[in-house]
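Number of protein chains: 2
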Amino acid sequence: MKPRLALLAVLWTSLSVAGASEPAWLALPGQAPELASNPSTPAKVELGKMLFFDPRFSETGTVACSNCHNVMEGGDDHRPVSIGVHGQKGGRSAPTVWNAAFLSAQFWDGRAATLEDQAKGPVVNPVEMGMKDLGAAMDRIRRIEGYRPYFAKAFGPGETLSADNAAKAIAAYERTLITPGSAYDRYVLGDATALTARQARGMHLFAEVGCSSCHQGPNFSGPALPVGTPFLMKFPTYPASPYVATFDLAKDQGRFESTRSDADRHMWRVPTLRNLVYTAPYFHNGTVKTLPDAVRVMASTQLNGTLVEADVVDIVAFLESLTGPFPDQQMPRLPPTPGDLLQ
Amino acid sequence: MKPRLALLAVLWTSLSVAGASEPAWLALPGQAPELASNPSTPAKVELGKMLFFDPRFSETGTVACSNCHNVMEGGDDHRPVSIGVHGQKGGRSAPTVWNAAFLSAQFWDGRAATLEDQAKGPVVNPVEMGMKDLGAAMDRIRRIEGYRPYFAKAFGPGETLSADNAAKAIAAYERTLITPGSAYDRYVLGDATALTARQARGMHLFAEVGCSSCHQGPNFSGPALPVGTPFLMKFPTYPASPYVATFDLAKDQGRFESTRSDADRHMWRVPTLRNLVYTAPYFHNGTVKTLPDAVRVMASTQLNGTLVEADVVDIVAFLESLTGPFPDQQMPRLPPTPGDLLQ
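Residue numbers (my numbering), protein chains in the order written: chain R, 11 to 353; chain L, 11 to 353.
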């Protein structure tokens, strides 16, 4: 076997153990895991979809979850970093909501344990949806009378219009935003024709050079871990990579920014590789514009190597096989707005 | 008949002629009229829906047609005035896109002859979608490779990715955004149970006091006029109404602002009254928060009268009967974004 990655000899030895053995290639399950405390029901999913698309509980009434997590496309917002209320730019690129239900922790740095916890973050982030607090957001929802029957249907009668229930409904909806059945999935489930020869070659290269050390499991986001335990890796592992400066990859210190713990410097949750065709530009700061560049960056910053161009092409072809299919979705109907809700 | 509106005697006399006779109550057709130059096809509608929901041809990549014309709700944006790119506020309240296909001219002041013309306006408005020009917008669309087959399907092979074709597709989609079959429509088509007694009373009052002099026809937006001829009325007709100051109704001079012709001072296209339940706050500047207030304002500024409260309630009940039904809609799938499309 000719070495595919020009690595420091010592590294090659250690990596080749993990890299050369084929990983367990797993298909994405047809259902996402859910919390015992939030079993999915059609009523919750319906309400969650309404809330996900409702801009009215952002300060200006213009920013819904769906603005930065556009499920009509890649579940992100196509931008390097997102833009929230008052035209303010966020600090990181919006991660895709597609298949987020399979992650053991949420946000780029894994600081939210669950989809339910995550859903409450952007609402009160001053540069995202900009509400003063969750109480103010729920006051908005409560004033939209038409939401009451939907909360009642999802959570029973009584005072069920709470931020916790809104977050539960949104999480239940997000658990439907999954894409099993990609070409890759069909291939590993036995359809040998589902991948092109190039894609199949790229798949084995992906393992051979070491990508699958971290990007493993059905969602290519790491091993199965308990809910709330993010699968974290250091990025960049090799800070001397010339790409670190080119793409400004080390300025944001990842999980350290929220924990202020030295152990968390440059630690990031390993993101899914599904649907990358739809989620350019790449990385936490959105500086890497193309999938071939993203592969080159990873080989350099994480594996300290350089891939030959033919291998970049093959690995990209494999990554493209992780695309869709996206479920057909009906648009939600949102209840009417009181005329004095927004200023 | 007791006079429902306390009017100046001379006015009452003139108005009562139009007001007292029942107008022709017409149901909304099941299909919107289309231009001979733009016959609707399923392929155009599909492409138009994609474009309508695509934020990528706004400067920041964050503002789609659907942001200010939210068809998951009332076809407007729930706000007094809209917010476009960079958090900039527009000068007027977004008019609803629902049933706009039945209007003889577009925008509050009727300055666009057709839906096709209208569609090109907000794209290059610096406070709405903010593109330098339509060429720049189409450059964005052209760079999204996945659009090519959809344009080819809608407009044939060859170089069909033009702003004119994009506008035609959006217009074709908008012609599907219609709401025949409301309680009112069912009533005038023969279902005597479709309106409540209060709504039926409100309907006749609506004619009796003179609302239907202007708000006539199946869309309650005026008589059938040739395409491009707006049905314009002066608003406020009675500038001494105390509501003019309360709601700042005369500052914006309507059609005059675009034509600079004295004859157009305070002239406005008569808007539809369908789906008002969903389109608060009301009027061109979004200052009137409730439907009862909107009725009181109109009685005062347009008919120089004051309705008794019981009549306001009945007319509001009638207006509520002009709501929906909104067609079920599948979300469009948008093609992937090149990573360097947006900065």
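Do not take every clue at face value.
Each pair may be met inside one copy or between any two copies, as identical chains are not told apart.
In silico SDA-like cross-links for lysine to any residue, where the CA-CA straight-line distance does not exceed 25 Å [to be verified]:
1. Lys130 - Arg208
2. Lys142 - Glu267
3. Lys299 - Ala273
4. Lys163 - Asn48
5. Lys99 - Pro159
6. Lys130 - Thr170
7. Lys130 - Thr316
8. Lys99 - Arg153
9. Lys244 - His214
10. Lys130 - Glu267
11. Lys130 - Glu319
12. Lys99 - Val137
13. Lys261 - Asp350
14. Lys299 - Asp149
Derived by calculation from the structure, the hints in this document are not laboratory data.
Right, here's what the structure says about each hint:
| no. | hint | verdict |
| --- | --- | --- |
| 1 | Lys130 - Arg208 | neither (42 Å within a copy, 43 Å between copies) |
| 2 | Lys142 - Glu267 | within (22 Å within a copy, 38 Å between copies) |
| 3 | Lys299 - Ala273 | neither (30 Å within a copy, 54 Å between copies) |
| 4 | Lys163 - Asn48 | within (15 Å within a copy, 44 Å between copies) |
| 5 | Lys99 - Pro159 | neither (36 Å within a copy, 34 Å between copies) |
| 6 | Lys130 - Thr170 | within (16 Å within a copy, 44 Å between copies) |
| 7 | Lys130 - Thr316 | neither (41 Å within a copy, 47 Å between copies) |
| 8 | Lys99 - Arg153 | between (29 Å within a copy, 24 Å between copies) |
| 9 | Lys244 - His214 | within (24 Å within a copy, 72 Å between copies) |
| 10 | Lys130 - Glu267 | within (19 Å within a copy, 44 Å between copies) |
| 11 | Lys130 - Glu319 | neither (43 Å within a copy, 43 Å between copies) |
| 12 | Lys99 - Val137 | both (7 Å within a copy, 17 Å between copies) |
| 13 | Lys261 - Asp350 | between (43 Å within a copy, 21 Å between copies) |
| 14 | Lys299 - Asp149 | between (40 Å within a copy, 18 Å between copies) |
In this structure, the hints that do not hold are numbers 1, 3, 5, 7, 11, in rising order.
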